[in-house]
Amino acid sequence: MIELLAPAKDKICAKAAIDFGADAIYIGANEFGARKNAPNSLEDIEKVVNYAHKFNVKVYVTINTILTDDEILQAKELIEKLDEIKVDAIIIQDLGIFELDLPSIPIHMSTQCDNRTVEKVKFFENIGASRVILARELSIEQIKEIKEQTNVELETFIHGALCVSYSGQCYLSEMIGGRSANRGECAQPCRKKYSLMDEEGNFIAKEKHLLNLKDFNASKHLKALAEAGVTSFKIEGRLKDENYVKNVVGYYRKLIDELNLGKTSSGKVVFDFEPNLEKSFNREFTDYYLEKRKECFTFDSPKSKGEYIGKVSKAGENYFEINPKSGGSIHKLHPQDGLCFLVNDKLSGCLVNKVDEVEAFRSGTFGTLQKIFPYKMEGIKIGTEIYRNFDSEFEKTLKNSKTCRKISADIEFNLGKIKAIDEDNNSAEIQYNFEELAQNEEKMETNIITQLKKSGDSDFEVNEVKICTEKMPFLPVSKINELRRELLKTLMEERLKNYKTSNRFCHCEEGQSLDAAIQEKDFGLLQPKLRNDIVLDYRANVLNKYAKKFYEKHDCKITEMAIESGKTSKSGKVAMTTKHCLKYAFNLCKSEKTFFLIDEKGKRYELKFNCENCEMEIIF
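Residues in the sequence shown are numbered from 55 upward in steps of one, following my numbering.
No false leads were slipped in.
Here are the computed distance ranges between Cβ atoms for each label pair:
| # | residue 1 | residue 2 | range |
| --- | --- | --- | --- |
| 1 | Ser623 | Glu195 | 35 to 41 Å |
| 2 | Glu131 | Cys522 | 51 to 57 Å |
| 3 | Lys621 | Lys655 | 24 to 30 Å |
| 4 | Val531 | Glu411 | 48 to 54 Å |
| 5 | Gly255 | Glu411 | 52 to 58 Å |
| 6 | Thr555 | His275 | 29 to 35 Å |
| 7 | Asn664 | Gly232 | 27 to 33 Å |
Derived EDC-like pairs (lysine to aspartate or glutamate); straight-line CA-CA distance at most 20 Å:
| # | residue 1 | residue 2 |
| --- | --- | --- |
| 8 | Lys602 | Glu153 |
| 9 | Lys473 | Glu547 |
| 10 | Lys543 | Asp513 |
| 11 | Lys246 | Asp354 |
| 12 | Lys365 | Glu338 |
| 13 | Lys637 | Asp252 |
| 14 | Lys247 | Glu654 |
| 15 | Lys198 | Glu345 |
| 16 | Lys554 | Asp478 |
| 17 | Lys65 | Glu138 |
| 18 | Lys456 | Glu515 |
Simulated from the structure, these hints should not be mistaken for lab results.
The C-beta atom is built at its ideal place from N, Cα and C for all residues, glycine as well.
Turn these sequences into a full structure, and let the hints steer you where they fit.
Pasting the structure below:
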């Protein structure tokens, strides 16, 4: 059974994710989540939990930043409150949390922990984590290897934006401007323009988005990921809007169902539109390293290009036409659609003002041609490739969608009582009184079946009404409807009462060794083992005394506190480690030269390459 895990910026997005087919959602509280621009009050999270649990949908709350001494104690209070409102798990990065006296809430290890190896995953399993969220850079074979040697639940991303750096190992934003990615404040310097220069001053590329990756799309690999042992498929996007959530969650819900991969929640989603990933924000798509190294970057722009429409075949003073045979879609364009195109290798765009359809003679036959009047023609000429990154009609469809989720139930009607049983075998029974038997039993039976099947705006869909009595009571339609509402309400109360929580967290034993669990590429060892100790530098992201105690208890020596502490020098430090390699991108793998990245302000960063693992480091 596969869990489809969806992002929720707020309670509106959370409800949309649940209604459109998510098995679980992840959401940030008002503090300590890795997206500071997506906070939610405990009151709102409780509302989300109460709605989600009706469908057996789980709610995970992100506390995946590194914390100061004061903050970690505040985080403890927050976790206790989250446990009280029955949140299903917390997602953490700071290992100091393991030193707190916590309630028995399940703990998921964030991808910010840089979970790339069997040893790391096995260690987290041994200390009591119930799930590990894997690094995006892993291949299907690597995921399979991890699963074969561990028993912990594995979660992997399947869609959304990609961090160019290994998660948790990016310090560029903090080093440049004091906005730490590990504290939820990333300024996304990876989406900015850079130039690439060699040691002799020759420019390989000028003012391009050299660290900009395409968006992840693993839709063609879901079955293989499930077979590799993945528990949960995660969609990125806690800053995305409601329409994005509806479309992307809906797409993967339908695909998972078509592949018969199962689900962990209840209810069937009834769609009134066809989801389409091309129509939601994307920087073009890549499946990254799931199979092998491919071109995963796009240097022209970090903005959404959208779906390819075609090439301009005719350009007038205030309009243009597209040849539908130019390789793009022939979907109808609409007023207020957003178009984009490259002008001198820079992404430009405009809105559509008007679209006229005209009959045109092409290739010996007549056909319909779209004459498009944009708000501006600047940069549009014959041969320009046009993309649509905002489909106004599709966005309206999403906004007005009546897609809903219904839990199937059957009803048994008896003389004096009615019983309902849902798809998860929860049952509820109510009694009713009547004054007389029906004179027309056949008509009464028809009325009862018809009215009890009208589940209306409830969360249930009544599939079958079984009459289990030979004598039919006389009941007015209004009374039958009242009984149905009362019965389904009672059934939902029973569902919530019977909701099962996840496996609970248990603390590890003191003195358990990390020796076999940490490799150099995980935490950046400064020097060989010192006696029986492992020596860790700033890349262990230790910001508080509790995390330091945790590592020391597990035979680790912390030589540097986190960059965010202000106590560690930034000069000469690795600011980012990434599988995206500029030598590879520009076919320079055999070059022995030193290369530099230069930002828009002229600051120069030396690049170092680990060609054996095809990795690149940016030195501050």
